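A.B. asks: Sequence:
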Amino acid sequence: MANNYNLNKDEKIDTKKGLTLILRHFKPYIFTLIVIAIALLASNLLGVVLIPKLAQKAIDINIANNDINGLLDTVFTALIVLLFTAITNYIRVRTTGVLSQKVLFNIRQEVFKKIQELPTQFVSDNQTGDIIQRLTGNVEGLNKFFSEGFVRVMSIFFMMSTILTTMFLLNWKVALISLTFTIMALLFLSFQGRFLEKPIKESLDKEGMISAKVQESLDGFISIQSTNQQKNWTKQLENLTKDYYKLSKKVSAISSTADTFITMISILCVGTTLLYSLHLMSVGILTIGMVILFNAYSQQLFHGLNKISYIWRNIKTGVASASRLREILELKSNIFPPDNAYSPKKIDGRIQFVDVDFGYNSTDVVLKDINFTAYPGKTIAIVGPTGGGKTTFVNLIARLYDVKNGKILVDGTDVKEWDLDILRESIGYLIQDTFLFEDTILNNLRYDNAKVTKQEALDMFKFLGVSSFIKSLPKGLMTKIDSDGHGISSGQRQIIALARILLRDPKVLILDEATARIDTKSEKLLQTAIEKAVEGKTTFVIAHRLSTIFNSDYIILIKENTILEQGNHEQLIEKKGFYYEMYSKFVGK
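Residue numbers (this note's numbering): 4 to 592.
You may find that some hints are simply not true.
What the hints assert, rightly or not - Mimicking DSBU-like on lysine-lysine, the simulated pairs with C-alpha atoms at most 30 Å apart in a straight line are:
{"#": "1", "residue 1": "527", "residue 2": "474"}
{"#": "2", "residue 1": "419", "residue 2": "562"}
{"#": "3", "residue 1": "478", "residue 2": "457"}
{"#": "4", "residue 1": "349", "residue 2": "216"}
{"#": "5", "residue 1": "454", "residue 2": "116"}
{"#": "6", "residue 1": "349", "residue 2": "478"}
{"#": "7", "residue 1": "216", "residue 2": "234"}
{"#": "8", "residue 1": "540", "residue 2": "349"}
{"#": "9", "residue 1": "117", "residue 2": "419"}
{"#": "10", "residue 1": "535", "residue 2": "349"}
{"#": "11", "residue 1": "19", "residue 2": "30"}
{"#": "12", "residue 1": "249", "residue 2": "147"}
{"#": "13", "residue 1": "216", "residue 2": "381"}
{"#": "14", "residue 1": "419", "residue 2": "310"}
{"#": "15", "residue 1": "371", "residue 2": "407"}
No lab work stands behind these hints, which were simulated from the structure alone.
Here the structure is a predicted model, which means the values were calculated and not measured.
Please model the complete structure; the sequences and the hints are all you need to start from.
C.D. replies: What follows is the structure, encoded as structure tokens:
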């Protein structure tokens, strides 16, 4: 049964899963985290605790006793403390920056590696733009979490803990007031976080949808322009953007409310602490310096809480981003080789379908009751109406999907028993939308086989009867092309792709609408190359143009998800069935 690889299933942030992913990637860097913690502790003890304490000493002792030399010593000590604080802050910022980038690199690599391991259905079930958004936008969300969230919050909590501990050591009654207000603020922030979860998750999902829509509009740019659908697509993107704006506004409203509430608590805390400290001073328990000291501590305390309120959104966004990335990492491929996979040294290319049924999910029916045998070195044409399952048929050979029922045999062995690398290396796949890399023609040919020499490449084009094409280019094999193949024709792109496939000498060739979307001149050139390419190989040709399949050894006609007719051209004409009708329309009878 086919797995469901569709993302965006959960409405809320799975905080536990998001944090688990983050902590798992921090685990190898325990020593670095200890260095950061020590730097934070030193920075807080020196800058947050000691500086106000020195100010209190200057007021209560040096100034009160008119001790100028002592005051100068205190000021000098404060300068030394500030210098060391700056050094520890530099160590912290530098170390956390390097650590964050290492963790981000590892997470990005893990997610990308996972995507490469997933079956083709993962890409079919999800929008490419959303997948890209997770690898880019959500990783950037994690970057903000590390640089503006996690580290800063850790620093603030260190500071608050240090201040509260110091205050309790000086006067537990005053400290208790600050602690009470601090707990109130933290409880509110926790409460606010629950309200942020859903809109943040939805806004990230909406970002993925916007990214997907933009990519679709660029991929189909010519079609949109030629059918005058610009306004329709603009409206679709506008609706998505409006939804994203509403969600962002909701997040901002919640964050602003929290900021206001925390500010109110801060004012109450500082005011209450100051009033109570003044009371204690009036009865002789505290000095004026101690009052100033407690006031400074309480202000620093709630300055930290205000910062937490401000960066809480980045924290939630980071956890939500991690949660979205974790969705990908939790997917499990249903296509994998057994432990003792079949790994033959030689492949003949005999393909057999035995009672095969297939669907993309438990209720879907794409192919049913497929029985067929392709013998080594033979060319099999696959024809039929659009949507009948022709491309799915050949995709099953390379085990891009697993069948529901039945089995597919290659050289008598079930594809599920094969080593996947060997199986797929044995199959050359030429489709109508050929992908070329932004590089030279020679390096594109080396994609499947890095050892290909320049002479071997030239010999391959000569073998295919198309060497004139390479000679016509100003730099020959060293001509640079982009991923869309601009600068060369569609037919020439297909020829390069075909040569790339043949240079690794696969025993099975699959040509899926390889001559579609190209001009007549290019088609003749490509057809010449294909006639050479199929020699001695088991070849499957999918085409709507009957002119490309007349010379096939065998033809199967797929209609309504099953094989309706099969045989060679003459046999199918004699049957006067659906193939005969297609042929008659083609020749104009």
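A.B. asks: Would you mind marking each hint as holding or not holding in the structure?
C.D. replies: Status of each hint after checking the structure:
1. 527 <-> 474: Holds, at about 18 Å.
2. 419 <-> 562: holds (27 Å)
3. 478 <-> 457: holds (13 Å)
4. 349 <-> 216: Violated - the C-alpha atoms of residue 216 and residue 349 are around 46 Å apart, more than 30 Å.
5. 454 <-> 116: holds (25 Å)
6. 349 <-> 478: violated (38 Å)
7. 216 <-> 234: holds (14 Å)
8. 540 <-> 349: holds (13 Å)
9. 117 <-> 419: holds (21 Å)
10. 535 <-> 349: holds (22 Å)
11. 19 <-> 30: holds (16 Å)
12. 249 <-> 147: Satisfied, since the Cα-Cα distance of roughly 22 Å is no more than 30 Å.
13. 216 <-> 381: violated (43 Å)
14. 419 <-> 310: Violated, at about 56 Å.
15. 371 <-> 407: The given pair, whose Cα atoms are some 9 Å apart, holds under the 30 Å limit.
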